[in-house]
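Peer 1: Single-letter residue listing:
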Amino acid sequence: MTIIKEKVAKNNQNNGLLENENVKALLLFLFSLGLFLAFWEIGANLKLFAKGMPTASLTLKELWWWTTNPFFNNGPNDLGIGWNLLISLRRVAIGYTIASIIAVPLGVLIGISKVASKAFNPYFQLLKPVSPLAWLPLGLYMFRDSEITGIFIIAIASIWPTLINTAFGVANVSPDYLDVAKTLGASRLRTIFKVIIPAALPNIISGLRISMGISWLVIVAAEMLLGTGLGYFIWNEWNNLYIPNIIVAIFIIGIVGIVLDQIFAYLEKLVSFGSKA
Amino acid sequence: MNLSVSSPSNINHQTMTTSQISLRHVSKVFPGRKGWLNKLTGQATSDFLAIDDINLDIEHNTFVSIIGPSGCGKSTLLNIIAGLSSATSGSILMNGQPIAKPGPDRGMVFQNYALMPWMSVEDNIRFAVETVYPKISPKEQSRIVKEHIQLVGLVGAEKKRPNEISGGMRQRVGIARALAINPQILLMDEPFGALDALTRGFLQDEVERIWEQERKTAIMITHSIEEALLLSDRIVMMTRGPAAKIDEILEVPFPRPRDRTTVENHPAYLKLKQEMEEHLYRETRAVEAARLSR
Ligand SMILES: Nc1ncnc2c1ncn2[C@@H]1O[C@H](COP(=O)(O)OP(=O)(O)OP(=O)(O)O)[C@@H](O)[C@H]1O
Ligand SMILES: [Mg+2]
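Quick note, the sequences are listed as chains Y and F, same order.
Position in the first sequence counted from 1, then plus 1313, gives you the numbering used here.
Position in the second sequence counted from 1, then plus 672, gives you the numbering used here.
By construction, these hints were calculated from the structure, which means they are not laboratory data.
A portion of the hints provided could be inaccurate.
Once the Cα atoms are required to be at most 25 angstroms apart in a straight line, the calculated BS3-like pairs of lysine-lysine come out as [claimed, not checked]:
1. K831/F - K1507/Y
2. K917/F - K1507/Y
3. K1431/Y - K711/F
4. K1427/Y - K1364/Y
5. K1582/Y - K831/F
6. K1507/Y - K1495/Y
Some chain F residues flagged as far from chain Y (calculated, every beta-carbon gap over 10 angstroms) [to be verified]:
7. N727
8. R815
9. W883
10. E884
11. L944
Partner residues aside, some chain F positions facing chain Y, computed with beta carbon under 7 angstroms [stated by the list, open to error]:
12. A772
13. G775
14. P776
15. M780
16. W790
17. A800
18. T803
19. A829
20. R833
Since we're looking at a predicted model, the values are computed, not measured.
Note that the Cβ used here is the ideal one computed from N, Cα and C, for glycine as well.
Using the sequences and the accompanying hints, generate a full structural model.
Peer 2: Have a look at this one:
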């Protein structure tokens, strides 16, 4: 006992602030960030990069200004970044929800039936690798409305990962669970809702996570061609040839992407239940 | 293929006997991979006759163990009785009625527990009760769940998830789940196979105690001679596969209730044990010999 205690104490001593892995990582991160900003600042001042490349300090100043004044509205070409963010999020939310509402039940149906999964797989395999932007002209032609087209693009982009993952998860539910349901004489419907879907939930959630990531990737590109939203903000600043704001927008898009992803990472953890039993 | 080969007179004969389960000429063939594609890729296999012409009668309220060399077709046989797999030929009757599909009249304990990892201990058992008895009140369902949690000694672990409890406790849940639906017959496929020796011993005693209380017809597959002798009324010894058959059925005369020491001191114990050891040794050696000469 005493020996163990001594060892623990020793370990704690050695685990001073500088020994801790997280502290080390943080210090390294801050150091590299400082180095990067310094390189940027000096490089931009010495005109090492492209002509008109803004300095780090100017960009940071802009970032501060945009994030402290997120909500103003002087017409579509001069809109606070908060409004643009909300517009983009709203489009993603609608398109993504529609896609998920279609993809999850359809994925379950396809996963349950071997015939269906074989029969419909060619569609998914063909459509999955197509860039969502390829649908843009078709969407504009069909809907004649940029707002609906944007939502359509998000839906069509985010449907495949959820669909494919759900079908995969459902098709690969452990036969043990199905045998349990069978020996209890559970009805088909009860088996689906109480056994198959919960068992496939980790796969469904990771499909939803990938879909969300894709939606967030696609919305920016789609909005450049649509008007309003973060994508349009970037496009507009490009037309104004004001680069600092583009960098600010890139940074904000990245942060929001992290937040969205972490929400799903949390959900994934919630349904994993450790190892199988 | 021809499930209903038994003639009407045969069925009458069955309904008159007292056996709860009777197997008549049951065979199982696992079809090989055929077709030109498999032949082309060299993956074709021939049909595999796992069990051949099994005849077995199991009376009410008896505990029957099935023992035999690995791979002889014990699980195949149990799955056919459970209805999870169908016999290629022959008939399986339960109380005189042919068995076609799985049902809650047979409670199954799985070797790998097969608990739903997203449900707590309590919910795993409740799922079974709700599925089998949807009509009874939730209060009554809860009472059944609680009673069986007490029966297998899991009080205090009700809210835990399967990944938070030990293997022995998981199998207790498996047993409680099978018993909670009040089946006529309990089917167990190597229920303690994945447990360490000590836990295994504890659970065997537990099953012996529970069985004395309920006296349900039980069929258990095991590899352990001691386990079979402690628990069973009859021990079915199977020959090696392919085309495995029943070699011999031993009657176990030990009085009940049993415990380990009285069983081991019974005059017939050593002789039975020796007989089983010889059988298993002979069959396993033949399997090895066949494997080496291939
Ligand atoms: N789905 C299947 N397809 C083809 N062959 C199978 C299949 N399932 C089992 N077999 C074969 O049937 C034989 C009997 O298998 P079974 O699982 O019933 O053996 P077992 O007696 O339970 O063995 P163990 O004691 O190792 O659990 C084995 O030789 C196995 O290879
Ligand atoms: Mg087996």
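Peer 1: The structure should be examined with respect to each hint, and the outcome stated for every one.
Peer 2: Tested hints:
no. : hint              : result
1   : K831/F - K1507/Y  : holds, 18 angstroms
2   : K917/F - K1507/Y  : violated, 39 angstroms
3   : K1431/Y - K711/F  : holds, 23 angstroms
4   : K1427/Y - K1364/Y : violated, 59 angstroms
5   : K1582/Y - K831/F  : holds, 19 angstroms
6   : K1507/Y - K1495/Y : holds, 13 angstroms
7   : N727              : holds, 24 angstroms
8   : R815              : holds, 19 angstroms
9   : W883              : holds, 20 angstroms
10  : E884              : holds, 25 angstroms
11  : L944              : holds, 32 angstroms
12  : A772              : violated, 12 angstroms
13  : G775              : holds, 5 angstroms
14  : P776              : holds, 5 angstroms
15  : M780              : holds, 4 angstroms
16  : W790              : holds, 5 angstroms
17  : A800              : holds, 5 angstroms
18  : T803              : holds, 4 angstroms
19  : A829              : violated, 13 angstroms
20  : R833              : holds, 6 angstroms
Of the hints listed earlier, those the structure fails to meet are numbers 2, 4, 12, 19, in rising order.
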